[in-house]
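Participant: So the protein lines, in turn, are chains A and B. If you read the first sequence in this note's numbering, its first letter stands for residue 1, the second for the next number, and so on. If you read the second sequence in this note's numbering, its first letter stands for residue 1, the second for the next number, and so on.
Hints were generated in silico from the structure; no laboratory data involved. Since no wrong hints were added, every one of them can be taken at face value.
The calculated lysine to any residue pairs, modelled on SDA-like cross-linking and capped at a C-alpha distance of 20 Å, are:
{"id": "1", "chain 1": "A", "residue 1": "114", "chain 2": "B", "residue 2": "121"}
{"id": "2", "chain 1": "A", "residue 1": "60", "chain 2": "B", "residue 2": "99"}
{"id": "3", "chain 1": "A", "residue 1": "94", "chain 2": "B", "residue 2": "105"}
{"id": "4", "chain 1": "A", "residue 1": "60", "chain 2": "B", "residue 2": "105"}
{"id": "5", "chain 1": "A", "residue 1": "89", "chain 2": "B", "residue 2": "120"}
{"id": "6", "chain 1": "A", "residue 1": "99", "chain 2": "B", "residue 2": "99"}
{"id": "7", "chain 1": "A", "residue 1": "114", "chain 2": "B", "residue 2": "116"}
{"id": "8", "chain 1": "A", "residue 1": "60", "chain 2": "A", "residue 2": "81"}
{"id": "9", "chain 1": "A", "residue 1": "100", "chain 2": "B", "residue 2": "115"}
{"id": "10", "chain 1": "A", "residue 1": "94", "chain 2": "B", "residue 2": "100"}
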Amino acid sequence: MQNYLATIFLLLGLTGVSHSAAAQPWSSLTPTQREALTPLVQQWDTLPEPQQQRLLETAKRYPHLTPEQKERYHGRLETWSQLTPEQRKAAREKYRAFKKVPKKQREQVKEMVKEEQARKAQQSASGVPAAK
Amino acid sequence: MTNKFDPGKLDPKKVAQLLTQSTRQLDDATLSALGNARQNAMKKQLVRAPFFAPTPASLHTSAGWTARLLPHSAQPWIAAGLLAVLLGIGAGYWQHLEEQQIDELDVAILTDELPIEVFVD
Numbered sequence: 001m002q003n004y005l006a007t008i009f010l011l012l013g014l015t016g017v018s019h020s021a022a023a024q025p026w027s028s029l030t031p032t033q034r035e036a037l038t039p040l041v042q043q044w045d046t047l048p049e050p051q052q053q054r055l056l057e058t059a060k061r062y063p064h065l066t067p068e069q070k071e072r073y074h075g076r077l078e079t080w081s082q083l084t085p086e087q088r089k090a091a092r093e094k095y096r097a098f099k100k101v102p103k104k105q106r107e108q109v110k111e112m113v114k115e116e117q118a119r120k121a122q123q124s125a126s127g128v129p130a131a132k
Numbered sequence: 001m002t003n004k005f006d007p008g009k010l011d012p013k014k015v016a017q018l019l020t021q022s023t024r025q026l027d028d029a030t031l032s033a034l035g036n037a038r039q040n041a042m043k044k045q046l047v048r049a050p051f052f053a054p055t056p057a058s059l060h061t062s063a064g065w066t067a068r069l070l071p072h073s074a075q076p077w078i079a080a081g082l083l084a085v086l087l088g089i090g091a092g093y094w095q096h097l098e099e100q101q102i103d104e105l106d107v108a109i110l111t112d113e114l115p116i117e118v119f120v121d
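Given these sequences and hints, build the entire structure.
Facilitator: This is how it looks when you write it as structure tokens:
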């Protein structure tokens, strides 16, 4: 029985449950991928391979985004790529939890954030340091 | 009399000899009747074939050929291999779904109305 279990685990390893791929240099990316990942042109080749793969997966959806979403995507890519894997994982968990909040409360949070952003923008425009 | 019948001391060989001698003393009609009774009993007995044993008909099918070509000792290994492949496919599919979910979340965070700072510590 132990022999069979050992064989099963060995074959599981051979069937490639966990896949790995080599890092992709910027020069090997397609024009669409380059367009999506433009903000990362400087640091792309230094990014770890799993992170590159993850970003390439998000880049697949880039052509289907609205212009406004594309702008946000580009604006956040650099910050996102500088996070540690743990920080990204925590952010995903937070986002997932936020999506479970009732829509009405979600809208309230969005309103609060917008107001906060507007206040900060106003303060920075008038030269007053933003209160934390 | 101390010559009591003791079944524990019976010698099977002697019993067989006695039965053979007794049978020789039987007349033909009795032997024929016993033979017929035996045949009838044999017909009523169910024949139970082993579950995985190839039947003559199955030898012409692919399963039959497999049974003939593969040594009996290899069959459990093949079953284990098939199970491993199925488990691998299941695990791969599960991993694929999980990765797809992560990609969707990443895109959602990168494009949501709410700024990224809301979700990042």
